[in-house]
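Those protein sequence lines, which keep their order, are chains A and B.
Numbered per the working numbering, the first sequence spans residues 1 to 204.
Numbered per the working numbering, the second sequence spans residues 1 to 468.
Hint data in this document are derived by calculation from the structure and do not stem from the laboratory.
Any given hint might turn out to be false.
[To be verified] Footprint (simulated), chain B over chain A, 3 or more residues, beta carbon under 8 Å:
(1) 13-26
(2) 70-76
(3) 101-113
(4) 117-131
(5) 150-159
(6) 197-204
Predicted model only: the values in this text are computed from it and were never measured.
Even for Gly, the Cβ is constructed at its ideal location relative to N, Cα and C.
If you want the building blocks of each chain, they are given just below.
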Amino acid sequence: MDKFTVLTGAAAPLNMANVDTDKIIPARFLKTIKRTGLGKDLFSNLRYNDDGSEKPDFVLNQPKYRKAEILVAGENFGCGSSREHAPWALLDFGIRCVIAPSFADIFHGNCFKNGILPVVLPAEACEQLMADAALGTNARLTVDLARQVVVRPDGQEIHFEVDAFRKHCLLNGLDDIGLTLEHVAAIDTYEKNEPAWMPVIAGV
Amino acid sequence: MSASRTLFDKIWDAHVVDRMGDGTCVLYIDRHLVHEVTSPQAFEGLRLAGRKVRRVDATIAVVDHNIPTEDRRSGINEPESKLQIETLEKNVADFGVPYFPVLDDRQGIVHVIGPEQGISLPGMTIVCGDSHTSTHGAMGALAFGIGTSEVEHVLATQTLLQKPALNMLVRVDGAVGPGVTAKDIILAVIGEIGTAGGNGHVIEYAGEAIRALDMAGRMTVCNMSIEAGARAGLIAPDDVTFEYIKGRPYAPKGDDFAKAVAYWRTLPSDDGAKYDKTVVLDAASIMPQVSWGTSPEAVLPISGVVPDPASEPDEAKRAQMQRMLDYMGLTAGQKLAGTKVDVVFIGSCTNSRIEDLRAAAAVAAGKHVAAGVRALVVPGSGLIKKQAESEGLDKVFLDAGFEWREAGCSMCLGMNPDKLTPGQRCASTSNRNFEGRQGPGGRTHLLSPAMAAAAAVTGVLTDVRELA
Ligand code: SF4
């Protein structure tokens, strides 16, 4: 996983609440067996017409947001399914940070596993950032994970909270599996102490 | 550890392997269910790191999302679906993971087969790369959906790194009226608390109306916990649960079963256990429900009228409502009952169990699907299909003009050949009414199996209680 330290880039405003994972990446694109290549299908139903042409109004189709690395969105972003294809599609498009008043739990966790930083900020702060983002390429935001601040184009800093463990992993690009395997002795012990009645799945 | 604990607290405490400084726990996972869509990249990750599956005897794999629900014996035509299914078959063979093959009667929707086979048991931690894993919470288990990175994590370590969730109690007091089902209860709950109402929480469902449900109904309720934003939903195990489990293929047998039951009886929440949030509903006030928008919280009793965005004070919410109405092709003030449907889908991990099929068949018996309506019945597993056929339900449906299919996710999501076409309106027993969920441009109305059957035979959204 790539580290996330400081990100400066254009922010795209997606002023919609409850953006669900079917909107982020519709089910028909889940047939891939790879993690990459989903960027072109990100927000497919919002982004393209039925004939495959682009909908010019959609934010990521506007020239100033085509290279956006930050997304500012409405509350409950990422609700719906557990598909990790949602963060993969965002990442493949180039988005490394999503800022919203709230996120759905599974999506929120999935972001951290893929080097994407989900930033939760109060609604008023998100509205300010939404307004900043609406200014386009001239209005770059900086997200500094170590200092836990979003820096607005005028230099004003907005502090955000982040889970200490997830912050540590993201700053250092750490792999959860490696970290967990440091606890393998405890896992062995746990398994030895399982009750004898606990069945196994065998003979399928 | 506090003296009074909830069901969730007890399961959590029993599975903590190790704690890190900041409260993150290494949580042991008892059961891992694997399907074709969210696992290929996880197995790939194992291969790249040279890792094995730690507990193949705690893992079960099946295909459900991609699989066509007709003509299965002749193979799968769609090349990408075929590749995903073949990839799973190769992965389970390479890593030695137990697997119910496509043509096996035990094949079915992952959340249907876990309980059906006695693989999902009370007190367990159960995960799957699918958000509706919450279904298994009906057994009195802590069951939740995970992403693909976590699928890989569980395959490699049989654990997850997690922090405890908050406790939420949803109590449904009293008894529901005739024609009101588990689906109506959970839709009413979501309507009440909203799609983010359970964020960060595990919901425990309790109260007389929940106790009165059979296991199928409890699974329907827990299934849609994720639509309320909750991490999981669960129901305390009781005699109904134990009776259901007894004799299932992978459940404990004989003495072991008695020992297991003795343990399971210690699981229900203690008197005085604390919840971070409590919501109480009166069962008698719940009417048959139907969703009108593109979010599961946009739901009303069938007697309701489509709400008017103009009466919504919040600008963003007003815009969202308008967008929903435009997408759904509905007008403010329009009565929900009488709205014409094109397709009826009875199936999905929410409502494809034998009890659901019986409820739908009881409404459809002796009637016929309305002209111009296409209606599908898709059992949740091969075994349910067989059971239904032995009861003659297939005949009831076929005589009434329904299609009778093989087990799978089918029209619950547009990943297999069963899809809505743009603009089609569907009365569906599934769990999500998001834009494009059942196919691009498709319009979904969520409702119960009985209500779906009523819509099929009348051609319009109908209060099943008024159907003669
Ligand atoms: S039936 Fe629908 S909700 Fe359930 S697992 Fe399949 S696709 Fe997901």
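Checked hints:
no.: 1; hint: 13-26; verdict: holds (count 8)
no.: 2; hint: 70-76; verdict: holds (count 3)
no.: 3; hint: 101-113; verdict: holds (count 7)
no.: 4; hint: 117-131; verdict: violated (count 0)
no.: 5; hint: 150-159; verdict: violated (count 0)
no.: 6; hint: 197-204; verdict: holds (count 7)
The structure does not agree with the numbered hints 4 and 5 stated previously, though it agrees with the rest.
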